[in-house]
Amino acid sequence: MHALEAIRLAFRQLVAQKLKSGFALIGVFIGVTFLIGSWSIVNGMNTYMTEKFAGTLVGVNTFHLRRAPNVNFDVDDSTWRAWRRRPRIRFTDAEAVAAGLTIPVITAWYSEDRGAVEYNGRMAKDITLEGTTERYFDIMNLKIDQGRPFSAQESKAGATVVVLGHDLAEKLFTGTSPINRIVRIHGISYRVIGVVERQGNLLGISLDKFVVAPALSPIQREVNPPGVVDALIVKTNSPAEMREGMDQTEAMMRSRRHLRPRQEDNFAMMTSEGVLDFWNKLSRILYAVGPGLVLIALVVGGIVIMNIMLMAVAERTREIGIRKSLGARRRDILRQFLAESVTIAVVGAAFGIGAGVFLSVLLNVATPLPATVSPASILLGVLLGGGVGVVAGVYPASRAARLDPIVALRQE
Amino acid sequence: MSRAQEFHTGDMPQPDIVILTHKLSRDYDMGSEVVRALRGVDLQIRRNEYVAVMGPSGSGKSTLMNLIGCLDTPTAGEYWLNGQQVSELADDDLARIRNKEIGFVFQTFNLLPRASALHNVELPLIYAGMASRARHDQAVSALTRVGLGDRMEHKPNELSGGQRQRVAIARALVNNPSILLADEPTGNLDSTTGQEIMGVFAELHRQGQTIVMVTHEADIAAHAARVVTLRDGLIATDQQKAA
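Protein sequence lines, in the order shown, are assigned to chains L and F. Residue numbering for the first sequence follows the working numbering, starting at 73 and increasing by one per position. Residue numbering for the second sequence follows the working numbering, starting at 49 and increasing by one per position.
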């Protein structure tokens with residue numbers, strides 16, 4: 073009997089016993105659904121983390137010179153205290169480093185704190201107050217929706233002008249144009265000159281509740297002690313230039329701070345890679361746990377299929393006897409039952425792939441997670457399904473093949 | 049008709065001998081005792097003979113049937129089918145012999161219940177590795193030959209007992225086997241239908257088919273030209289009906 077014949081027979085059997093086959097394939101179905109679904113979620117998280125999370129917090133090919141890392145996970149208390157004792161990054165440090173870098177870069181100062189913004193008696197609380205220099209908008213890729221960003225002159229002069237985040241503008245001005253209106257931050261008046269395009273949110277936190285003013289404007293007093301910035305942001309053109317820039321920065325800072333060769337740096341340089349460390353740790357756990365769960369589902373699925381196949385062999389003993397009396401060889405019977413179990417498993421896997429893809433599309437539409445189904449996961453799903461079918465089918469099929477035709481024919 | 053030639057181990061059967069058994073025996077090891085179902089049966093059947101094998105239950109006729117049908121192998125002795133000694137063959141070779149040389153007709157029909165009459169008849173051709181077009185045609189002509197050309201798509205449970213047995217006969221004949229081996233072919237049929245099936249057998253015999261039929265009913269055995277009676281694992285009588 074040809075393999076094709078065996079598969080056709082297997083499909084006929086599958087359709088004839090829909091309910092039983094449905095139960096048989098459910099384990100593989102769940103396993104493969106989970107495989108495709110979780111793979112696409114991890115994929116999506118990866119994209120999200122590398123492109124959005126890290127990009128938003130740090131920027132591509134960009135590093136931040138800071139006193140200490142600001143995005144960190146599982147840092148112990150003593151480290152934290154040591155970080156707090158480090159000297160701050162001063163205007164003079166930022167100026168010297170920006171001037172001393174020999175590679176093409178754009179730089180900006182950056183300081184932030186939380187505070188309230190007021191307009192005409194309306195108060196928006198818990199707003200990120202940001203003091204920056206003019207290139208900040210370019211570096212962070214902030215597009216201006218209305219108005220304009222502040223200029224180099226305004227930045228240098230410390231003009232009392234602000235650019236608002238989208239949500240903040242909505243909240244204070246509800247529909248009317250905020251341009252040229254005067255908002256007050258801690259009693260000081262600032263003229264609104266621009267609104268930044270909506271940024272959306274990151275892990276549920278709005279990215280649009282901020283106000284940006286020149287670093288040298290009076291906002292300086294709200295965010296940092298005099299002459300101090302949180303960070304110098306340096307954007308380079310390539311990863312290689314970023315490494316070079318970081319080396320140069322480290323050398324300059326060490327010399328400015330008179331650090332001896334064996335002393336540790338008392339400043340930090342943050343890159344998106346650093347931010348991604350956390351995600352990498354998490355995804356490593358997912359990569360370890362995910363396959364385990366898939367494996368469990370597939371093993372259970374395999375056992376179910378094996379049981380169903382053993383039942384089928386017992387029920388169809390007479391059929392096997394008939395087939396043998398008509399000239400079926402052992403390998404014909406073996407192939408028939410193997411084809412049946414593989415067909416059950418592969419059909420289960422196919423449904424699982426469908427469900428996994430559906431799940432991923434649903435996530436894509438309903439959440440900001442860019443879940444994408446990887447073709448490799450589909451291939452793996454089919455292969456695993458087929459593999460489970462073979463492994464689960466071998467024993468029942470070989471039992472069927474070894475049946476004595478006389479005994480088999482006698483069975484009712 | 050003259051009695052068959054004396055056969056000795058080491059001989060080859062005469063060319064017109066389809067079935068030859070020599071000192072054929074089959075023991076069943078039942079643990080505490082050995083049941084000797086056949087104790088050395090010598091039987092020769094020529095091409096185009098129509099032989100009925102009779103005997104009370106326990107006489108060994110089912111065992112002989114299984115051995116002739118290559119479903120079982122003897123404990124001792126020789127079995128030659130169509131000039132080939134099959135008593136020594138392995139499992140897969142026996143399957144091939146069953147497929148090519150033997151057509152079974154069973155008391156309980158033994159059709160696949162979920163398959164159409166046509167598919168049932170196609171089965172031996174599938175195992176013979178025939179291409180689907182050719183085997184369809186051949187199965188159709190076999191069904192037409194037994195008068196079921198208009199029932200080919202019916203499932204067994206949509207057919208009467210007589211029709212089912214006709215499907216089984218079509219299936220047995222579809223590969224043009226050397227022998228048609230029937231085990232109580234009328235056992236599950238009423239006497240009218242039984243006579244009908246015997247009519248089919250007579251027609252096949254007239255067309256040159258060799259038929260071996262196991263039965264315990266004397267009036268069914270009477271349709272055969274030769275009646276072999278078994279008792280206690282040995283041939284008791286072997287009577288040729290006067291032509």
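These aren't lab readings, by the way, just hints derived from the structure by calculation. No residue lacks a Cβ here, since even glycine has one placed at the ideal position from N, Cα and C. Some hints here could point you the wrong way.
Said to hold, decoys possible - Looking from chain F toward chain L, a few residues come up when the C-beta cut is under 8 angstroms (computed):
1. Arg87
2. Gly88
3. Thr123
4. Glu126
5. Asn130
6. Ala138
7. Arg144
8. Phe152
9. Leu160
10. Leu171
11. Ile174
12. Met178
As the list claims (entries may be wrong) - For lysine to any residue, the following SDA-like pairs were computed, each having C-alpha atoms within a straight-line distance of at most 25 angstroms:
13. F/Lys148 / L/Glu123
14. F/Lys148 / L/Ala88
15. F/Lys71 / L/Glu387
16. L/Lys197 / L/Gly116
17. F/Lys203 / L/Ala88
18. L/Lys90 / F/Pro204
19. F/Lys203 / L/Val87
20. L/Lys197 / L/Arg256
21. F/Lys203 / L/Met121
22. F/Lys203 / L/Asn142
23. L/Lys90 / F/Ala182
24. L/Lys90 / F/His167
25. F/Lys148 / L/Pro141
26. L/Lys197 / L/Ala154
27. F/Lys203 / L/Arg256
Said to hold, decoys possible - Ranges between beta-carbon positions, derived for each pair:
28. F/Gly106 / L/Ala386: 38 to 48 angstroms
29. L/Phe83 / F/Glu206: 32 to 42 angstroms
30. L/Leu434 / F/Gly209: 49 to 59 angstroms
31. L/Leu455 / F/Ser180: 40 to 50 angstroms
32. L/Ser446 / F/Ala182: 21 to 31 angstroms
33. F/Gly131 / L/Pro447: 51 to 61 angstroms
34. L/Ala386 / F/Ala138: 46 to 56 angstroms
inquiry  = Which constraints among the numbered hints does this structure fail? Numbers only, ascending.
reply    = 1, 2, 3, 4, 5, 6, 12, 13, 14, 15, 16, 21, 22, 23, 25, 26, 27, 28, 29, 31, 32, 34
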